[in-house]
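Protein chains: 4
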Amino acid sequence: MGSFIGHALPGSFFLIIGLWWCTKSILKYVCKKQKRTCYLGSKALFHRLEILEGITLVGMALTGMAGEQFIPGGPYLKLYDYKQGQWNQLLGWHHFTMYFFFGLIGVAHILCFIFSSLPFCLIKLMLSNALFVEAFVFYNHTHGREMLDIFVHQLLVLVILLTGLIAFLEFLVRNNVLLELLRSSLTLLQGSWFFQIGFVLYPPDGSPAWDLVDHENIMFLTICFCWHYAVALVIVGMNYAFVTCSIPWYVIIKTQWY
Amino acid sequence: MGSFIGHALPGSFFLIIGLWWCTKSILKYVCKKQKRTCYLGSKALFHRLEILEGITLVGMALTGMAGEQFIPGGPYLKLYDYKQGQWNQLLGWHHFTMYFFFGLIGVAHILCFIFSSLPFCLIKLMLSNALFVEAFVFYNHTHGREMLDIFVHQLLVLVILLTGLIAFLEFLVRNNVLLELLRSSLTLLQGSWFFQIGFVLYPPDGSPAWDLVDHENIMFLTICFCWHYAVALVIVGMNYAFVTCSIPWYVIIKTQWY
Amino acid sequence: MGSFIGHALPGSFFLIIGLWWCTKSILKYVCKKQKRTCYLGSKALFHRLEILEGITLVGMALTGMAGEQFIPGGPYLKLYDYKQGQWNQLLGWHHFTMYFFFGLIGVAHILCFIFSSLPFCLIKLMLSNALFVEAFVFYNHTHGREMLDIFVHQLLVLVILLTGLIAFLEFLVRNNVLLELLRSSLTLLQGSWFFQIGFVLYPPDGSPAWDLVDHENIMFLTICFCWHYAVALVIVGMNYAFVTCSIPWYVIIKTQWY
Amino acid sequence: MGSFIGHALPGSFFLIIGLWWCTKSILKYVCKKQKRTCYLGSKALFHRLEILEGITLVGMALTGMAGEQFIPGGPYLKLYDYKQGQWNQLLGWHHFTMYFFFGLIGVAHILCFIFSSLPFCLIKLMLSNALFVEAFVFYNHTHGREMLDIFVHQLLVLVILLTGLIAFLEFLVRNNVLLELLRSSLTLLQGSWFFQIGFVLYPPDGSPAWDLVDHENIMFLTICFCWHYAVALVIVGMNYAFVTCSIPWYVIIKTQWY
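Residue numbers (this note's numbering), protein chains in the order written: chain A, 1 to 258; chain B, 1 to 258; chain C, 1 to 258; chain D, 1 to 258.
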């Protein structure tokens, strides 16, 4: 993962899943409000979408886990190097573990929609679980690195922890659309912050990394983090406007069709 | 912002908005209790007041953002100084960012009262958002300064964080007048503490700043903070007494008029 | 306050108020359960008791504030010593501030029972307020002292903070007898811990203070704190047993009387 | 406790109690869902089981307390060694205190099922109490030890604290099966982590302890902790599948019998 691509991949994943969660929440909320006119709100459709989401998550997690193990120079499932008497590429195993817990969300998705006896909010619980584990691993990820490196990862831990807390709150307080949108925007923030970390530590244009011991850089990245968040909020807001505007059109088209 | 005026301006802003929030909460509460006799509690009036509050917030935020950029010697929207190879006045950009998030509250105000489909508690969420961002920025604002300077800013972060938590709690637990008054009093405390910081670091009478490495000063500012809070509580209490006493008079005058 | 008596006085205060809160909560709970047979549960009686509690609290707070100011060698309301150019006995002013906020609880008690328009849970809010302020002041109370001195005060801050959190939770979740008993037991713990601090720092038998830099003492005081808590829990339990047993007798006596 | 057995014993205890809590929660949940067909869900049975659990807890706590005191070389109820002028085996007293608080849960169990006037959620409160005390004691347990030793105990404190928070949440939000399963899985994690600590500090095969100042070991134990948690989640899931599958069979057998 020590490269720009290694940070861009999870970043893209979180950007996509954040956008998808955001759209899903808005769709559900708007459909509930406009019960009469909405053909999208059919339970069967959402049901199938959730299972699809679960399968996608499991697939992504498996790909990620396999990728971390079998990239050239990866650990190849070897945990301890007996020849050299030391652990074998623990950072790769860290990422492996995080992917595994995100896979568990997908499993919970699938199980919840197959067995109706399972409580539905299991998904939210597994989500907050995965996020807390991710925050815990990242918190113990940067022993002995440079100041700025630690700082950008601390901000990452902060946003993951907040997302986990919001997910846990959703588990307790159900069907609050604003909490779901807040979680979506924090997920978007996490995704774009992964990109930012990539730009700071491994600039893709080949230029050297930023000065890792400069206080001014910390000052800048502080507000940069806020701007990322502002952009995430704006994206969620525009998505809301777009979905609420497009649904009536969709309904009109549907009505003309049949 | 490195002057007495620079701290007095946001201080006045928070004092005014705290007083206004406090009065609004009490008015709403009293009007709900005395449903029969109250002419003030008309929904239309409150509706218009909320939109006005939103417009004022947006206006103030825009003024603040413009002011931070275009004061003489300000950054003039220049983020990076390529000549000197360093960031350009990041502290000004910090304040700029905070103003922006307070502007978002105003936008939420206006949107919520134009589009009835938006959930009403969005305002509370954006408020707690803006406060958390403010606390985050202030927390990373004082790298490498003197002990007392850091201490007074830490207390500022504390009060902002608490206000944000109370606002978030209001988002979850709606229509609790005591939570609203608690938030108002914490906002008043924030405002008066801005003034206190100004007095400590940039005494307006031109005398030198306080001894920034003296433990006794920390001990004093600890209780000074509590006294500010006590005064804020007393102001909220007197405001409550004043409003509840004046409403019956207002009703009597109204009744005699017509 | 730098003496055994100075710690024994607030300790006794918290022990008495803890016992009283505990008894009141149990009485209310039992009376609600045995509605028919209970003559104690008359609203008027509890009403008068609450006002009495408020007056007592105000009285105690005023006595404490006056005592802190006008004991021989006290600050006599002088905050700054202009002759020596330094603050005048700030530790005394710290205690003064804490007493003031406890006085505010009493004021809230009295106001709530005079003006029925005030929300009843204001008392709980002012209580948690006073406790948070107390925790904040104690947290900034021990700059530059010895390790063990700081440790015992940290434990004090811990228990005060927990009591404040429970009181705030009671403000949100009303009429939960177990939360009230938990708060009572934590208040008892606070009281007995004040005594323990007195015994550690100023042994009343005139022997020298404990070794303030010995790690073993910290290890012991850790479990000592737990034992104090266990004793507080046992006292609350015995009080519960005593009150529930004595009420039927009281009822029988009452019935025979008339 | 400074041996592998000393860590394996509490580990086994928490593994057993975690499995039992998990099974009980699932049984209750499934019985509530399949009200008609379920013979297990009789109130009397659960009633007796709860009392049995209480008696077992008290028995285990008494055994543990006696064991800590009267093992060869133990403190034999002597707290202070006057000859040597120092505290007598405080670590043993630490464990003694923890056992005592777990005994209190058992007492609450028994009391709640004997006296119906006691609120039922007292058990959850005492459970969270015992866990918070355990976390507090372990937090102050490792003064002056090596880095890795402190780290594994910090992770133990983390999991105990989380379990305590979940138990407290259960006290507030009743009858949420997922919270109960989460608590069970955290209890299983605590149990297996005790074993892990034993393996790290006192390898049972007689080999020397791990290198206590190696950062790589910390990196490994971070993910090892996550894997323990993953295994605990899988065990809870398999238990759920097993119980839900076996109940219909049990019902069929029962039906054929009579």
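Note that these hints are calculated values from the structure, not bench results.
Keep in mind the model is a prediction, meaning the values are calculated, not measured.
Where is the CB? At the ideal position from N, CA and C, for every residue including glycine.
Among the hints, erroneous ones may be present.
Chain B is faced by these chain A residues, among others (derived, beta-carbon under 8 Å) [to be verified]:
| hint | residue |
| --- | --- |
| 1 | Lys24 |
| 2 | Leu27 |
| 3 | Ile218 |
Anything over 12 Å on all C-beta distances counts as not near chain C; from chain B, calculated [as the list claims (entries may be wrong)]:
| hint | residue |
| --- | --- |
| 4 | Ser12 |
| 5 | Leu111 |
| 6 | Phe151 |
| 7 | Pro203 |
| 8 | Glu216 |
| 9 | Phe220 |
| 10 | Tyr229 |
| 11 | Gly237 |
Listed below are the simulated SDA-like cross-link pairs for lysine to any residue, each with C-alpha atoms no more than 25 Å apart in a straight line [said to hold, decoys possible]:
| hint | chain 1 | residue 1 | chain 2 | residue 2 |
| --- | --- | --- | --- | --- |
| 12 | B | Lys28 | C | Ala241 |
| 13 | A | Lys83 | D | Lys78 |
| 14 | D | Lys24 | D | Trp210 |
| 15 | B | Lys32 | C | Leu118 |
| 16 | B | Lys33 | B | Thr23 |
| 17 | A | Lys28 | A | Trp249 |
| 18 | D | Lys24 | A | Trp249 |
| 19 | C | Lys28 | C | Met219 |
| 20 | D | Lys33 | A | His215 |
| 21 | C | Lys32 | C | His47 |
| 22 | B | Lys83 | A | Thr142 |
| 23 | D | Lys32 | A | Cys112 |
| 24 | A | Lys83 | D | Ile114 |
| 25 | A | Lys83 | D | Asn175 |
| 26 | D | Lys78 | D | Leu52 |
| 27 | B | Lys83 | A | Leu169 |
| 28 | D | Lys83 | C | Met219 |
| 29 | A | Lys32 | B | Ser117 |
| 30 | A | Lys78 | D | Pro208 |
| 31 | B | Lys83 | A | His215 |
| 32 | C | Lys33 | D | Leu62 |
| 33 | C | Lys28 | C | Leu165 |
Is the Cα-Cα distance between D/Lys32 and A/Cys112 25 Å or less?
holds (18 Å)
Problem set entry | Distance restraint between A/Lys32 and B/Ser117, which requires alpha-carbon spacing of 25 Å or less | holds (11 Å)
Check your understanding: Given the hint that C/Lys28 pairs with C/Met219, does the C-alpha gap stay at or below 25 Å?
Key -> Distance ~40 Å between C/Lys28 and C/Met219 Cα, so the pair is violated.
Quiz item: Taken at face value, is the distance from the CA of A/Leu169 to the CA of B/Lys83 at most 25 Å?
Solution: This hinted pair is violated, its Cα atoms lying about 49 Å apart.
Any Cβ of chain C at or closer than 12 Å to B/Gly237, or is the non-interface label fine? violated (8 Å)
Q.
A cut-off of 12 Å on Cβ-Cβ distance, and B/Tyr229 was said to be off the interface with chain C. Does that hold?
A. violated (7 Å)
Is it the case that B/Glu216 keeps its Cβ farther than 12 Å from each residue Cβ in chain C? violated (5 Å)
- Item | Pairwise hint evaluation, A/Trp249 against D/Lys24, where the allowed Cα distance is 25 Å at most | The hint is violated at about 52 Å.
Q) Is B/Lys32 within 25 Å of C/Leu118, Cα to Cα? A) holds (13 Å)
key: 12 Å cut-off, C-beta based - B/Pro203 kept clear of every residue in chain C   = Consistent with the label, B/Pro203 stays out of reach of chain C, its closest Cβ about 15 Å off (over 12 Å).
Q) Is the straight-line distance between the alpha-carbon of A/Lys28 and that of A/Trp249 25 Å or less? A) holds (17 Å)
query: Is it true that the CA of C/Lys32 sits at most 25 Å from the CA of C/His47?
result: Roughly 15 Å separates the two Cα atoms, so the pair holds.
This entry does not satisfy hints 1, 2, 6, 8, 9, 10, 11, 12, 13, 14, 18, 19, 20, 22, 24, 25, 26, 27 and 32, going by the numbered hints stated previously.
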